[in-house]
Amino acid sequence: MKVAVLQFPGSNCDQDAFHLFASGLKVNTKYVWHKETSLGDADLVVVPGGFSYGDYLRCGAIARFSPVMKAVQAFSQQGGVVYGICNGFQILCEAGLLPGALIRNSSLEYRCITCALKVETSTASFNPNFLGASVKLPIGHGEGNFRIDEAGLARLEANKQVLLRYENNPNGSLSDIAGIRSEAGNVFGMMPHPDRAFERFHPSMDGLKVATAVLATKFPELLKHTA
Amino acid sequence: MKISVIVTPKKNVLDPQGVAVGHALESLGFPKLKTTRVGKLIELEIEAVDSPEFRTRLDQVCKDLLSNPVIEDYRYEIVAR
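Residue numbers (our numbering), protein chains in the order written: chain H, 122 to 348; chain Y, 80 to 160.
Some hints could be false.
[As the list claims (entries may be wrong)] DSS-like, lysine-lysine: derived pairs with alpha carbons at most 27 Å apart:
#	chain 1	residue 1	chain 2	residue 2
1	H	Lys191	Y	Lys90
2	H	Lys191	H	Lys257
3	Y	Lys90	H	Lys156
4	Y	Lys111	Y	Lys142
5	H	Lys151	H	Lys123
6	H	Lys330	H	Lys345
[Stated by the list, open to error] Quick look at which bits of chain H chain Y covers, simulated, 3 or more residues with Cβ under 8 Å:
#	region
7	123 to 133
8	225 to 239
9	251 to 263
Derived from the structure by calculation, the hints contain no laboratory data.
We treat Cβ as the ideally placed atom computed from N, Cα and C, and that holds for glycine.
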């Protein structure tokens, strides 16, 4: 399995994401610069956190038009697996690869805390049987307030597309939503950072398990590293 | 010509920035507000002729880039020179 971690101007969790996959999950990982038009032989595309293009206009709005995102669109249409974390989640929503949008936290504050998250049953590998009923992951964002229209929310719930919900909502997100997947089940996004939760000095060690749970339905080989 | 694109949060979307600005206005003694919404003004200057084709292209970039239709509405004013 080969992982491509995208890099935009202003990405700042690209190295964290690289470290999560290369050292934590021990998979072949490379960086792909936003000017590239091909993802090479990647099996998984990770869109990392940060402040791509300074969050100008709206978070993720400009990154969405980077040359590499055309390749990501084509990759996902063919069923390729895409995983966005924090700003990566915002970019995937702007690109229309995930439904909804992320607006300013209701508190208007940048929130940098460790959150307890309720695990939902969403895929064969993402569920409380695998992860337990609750996990802890850090967040660090000013725009993590998930919004979608009523019909969109009903669809998310009916299709079990919600992965994680905040136990104490830090940002005003609709239905406490912290992470979702696409209806087809190959595109994933979450505001919390598994890439900041797998070393002893991190505030939580749940990151490896969460990333594995997201991806193991498509890449069962990941399970051997978390056994 | 000059084009002003005005982007505002959709009516049914929570606007935390607008709420905070509304509170500040009230603390200044401004009369009680029904709503306060904060949006964006994007000014474009371009050598082009206003035509139905041009408006179609303008609408397209307003939907694709300048606003996010999930959470925002847009309108524009064209000032021909």
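Contradicted hints - numbers only: 1, 2, 3, 4, 7 and 9
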